Amino acid sequence: MIRKHYLKERLNKTEKWIEHYLETEDHIQISRNALKQSYNEIHFLISWTVKILHLPTKIYDFIYTIIWWNRYRKACKEVEIIRKELESYDN
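Per the numbering used here, the sequence shown starts with residue 1, numbered consecutively.
Hints were generated in silico from the structure; no laboratory data involved. Bear in mind the structure is a predicted one, so any value in this text is a computation, not a measurement. We treat Cβ as the ideally placed atom computed from N, Cα and C, and that holds for glycine. Incorrect hints may have been included.
[Claimed, not checked] Quick list of simulated restraints, FRET-style, between CB atoms:
#, residue 1, residue 2, range
1, Arg3, Tyr64, 34 to 44 Å
2, Lys13, Ile59, 26 to 36 Å
3, Lys8, Phe44, 48 to 58 Å
4, Asp61, Tyr6, 45 to 55 Å
5, Arg71, Leu35, 41 to 51 Å
6, Leu55, Ser88, 47 to 57 Å
Make a model of the complete structure from these sequences and hints.
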């Protein structure tokens with residue numbers, strides 16, 4: 001019974017983390033779209049120069065995004081496994 005309680009707690013925490021992560025990703029995407037639009041509004045040469053200067057940051061963001069999406073997928077898999085485990089306790 002104690003194990004079932006801990007599994008339910010872990011399931012709730014993981015589901016909350018997944019929900020929070022998706023909300024955060026939505027906000028990050030809005031910020032990226034705003035940045036792209038601001039680049040399009042300034043002169044082409046200045047926009048191109050700024051993009052080149054920010055290239056290391058963009059590479060870092062790309063790697064960071066891959067790492068966090070991997071964590072998200074692992075959390076989703078964890079939720080599946082915990083639900084199966086809880087079903088086995090119910091039967």
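Out of the numbered hints, which ones does the structure contradict? 4, 5
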